[in-house]
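Colleague: From first to last, the protein sequence lines are chains A and B. Here our numbering is used: the first residue of the first sequence is 150, the next is one more, and so on. Here our numbering is used: the first residue of the second sequence is 2, the next is one more, and so on.
In short, the hints are calculated from the structure, not lab data. Every value quoted in this text rests on a predicted model; they were computed, and no experiment measured them. Do not rely on the hints blindly, as some may be mistaken.
Stated by the list, open to error - Calculated pairs, DMTMM-like style, for lysine to aspartate or glutamate (alpha carbon to alpha carbon, straight line, at most 25 Å):
#1 K191(A) - E164(A)
#2 K191(A) - D86(B)
#3 K191(A) - E76(B)
Said to hold, decoys possible - According to the in silico footprint, chain A covers these stretches of chain B (three or more CB under 8 Å from chain A):
#4 38 to 44
#5 54 to 68
#6 105 to 114
Said to hold, decoys possible - Short derived list, chain B residues pointing at chain A, Cβ under 10 Å:
#7 Y51
#8 L84
#9 S87
Positions of the beta carbon are idealized from the N, C-alpha and C atoms, including for glycine.
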Amino acid sequence: ILNVEQSPQSLHVQEGDSTNFTCSFPSSNFYALHWYRWETAKSPEALFVMTLNGDEKKKGRISATLNTKEGYSYLYIKGSQPEDSATYLCASEVTGGGNKLTFGTGTQLKVEL
Amino acid sequence: ETGVTQSPTHLIKTRGQQVTLRCSSQSGHNTVSWYQQALGQGPQFIFQYYREEENGRGNFPPRFSGLQFPNYSSELNVNALELDDSALYLCASSSSRGRNYGYTFGSGTRLTVV
Chain A
150 ILNVEQSPQS LHVQEGDSTN FTCSFPSSNF YALHWYRWET AKSPEALFVM TLNGDEKKKG
210 RISATLNTKE GYSYLYIKGS QPEDSATYLC ASEVTGGGNK LTFGTGTQLK VEL
Chain B
2 ETGVTQSPTH LIKTRGQQVT LRCSSQSGHN TVSWYQQALG QGPQFIFQYY REEENGRGNF
62 PPRFSGLQFP NYSSELNVNA LELDDSALYL CASSSSRGRN YGYTFGSGTR LTVV
């Protein structure tokens, strides 16, 4: 993996469904993996910053896991609600990378009633 | 505490002109980063400023330049605008100790070059 890749590109689910997205990133020189939620016409909002292999973080109905050895992270949303509709971005940060974030193109989630 | 504020929200410029975008960082944050998001792409890192010095630069030409002021607010300047510079420009701030909590983003400036 040379770039940060996210899948799927878009997702439509029904209210109450649980869902998950994937973020793949280069595992060499890994420092941190960020997840952001970006609602239309608003600012990207930080969800999680994960640094340790095997790390698992949770915020309400949203959780994320991290595997730095194989270079992937999963974001899970349990019992999706319409207010979860947003684009979910992941970004990797590498050591010696000048503190820059390398973003994927995002997963666009639409939760329907 | 206030978040990150960017101005203007929208801007239309003609090819060849120059533009200045502004960003007020969140209170207590001393680091500002700028990103460009073209249509259908993820945000791309332009550069970062820490305590008024450039602290890392992405793959952007020298006509993209910046400043950070003593109050940690920042400007992004783009000279000789090209059509491909049309994009959403995002500013993000953080504290040097708070990097592990993520960056605080503004809502962006939408630049259209015609």
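Colleague: Under 10 Å, Cβ to Cβ, is where Y51(B) needs to be relative to chain A, so tell me if that hint holds or is violated.
Modeller: holds (8 Å)
Colleague: Checking C-beta pairs, does the segment 38 to 44 of chain B have three or more residues closer than 8 Å to chain A?
Modeller: holds (count 4)
Colleague: Does the structure keep K191(A) and D86(B) at a Cα separation of 25 Å or less?
Modeller: At roughly 21 Å apart (the allowed maximum being 25 Å), D86(B) and K191(A) satisfy the hint.
Colleague: For the pair supplied as a hint, K191(A) and E164(A), confirm whether the alpha-carbon distance does not exceed 25 Å.
Modeller: holds (22 Å)
Colleague: Classify the hint on L84(B) as holds or violated, based on whether any CB of chain A lies nearer than 10 Å to its CB.
Modeller: violated (21 Å)
Colleague: Would you check chain A against the segment 54 to 68 of chain B, counting CB to CB pairs closer than 8 Å, and say if three or more residues qualify?
Modeller: Since 4 is at least three, the answer is holds.
Colleague: Are S87(B) and chain A close enough, Cβ to Cβ, to be under 10 Å, as the hint says?
Modeller: Violated. Min distance 18 Å.
Colleague: Given the hint that K191(A) pairs with E76(B), does the C-alpha gap stay at or below 25 Å?
Modeller: Satisfied, since the Cα-Cα distance of roughly 21 Å is no more than 25 Å.
Colleague: Within the segment 105 to 114 of chain B, is the number of residues with a Cβ closer than 8 Å to a Cβ of chain A three or more?
Modeller: holds (count 5)
Consistency note: the structure conflicts with the earlier hints numbered 8 and 9.
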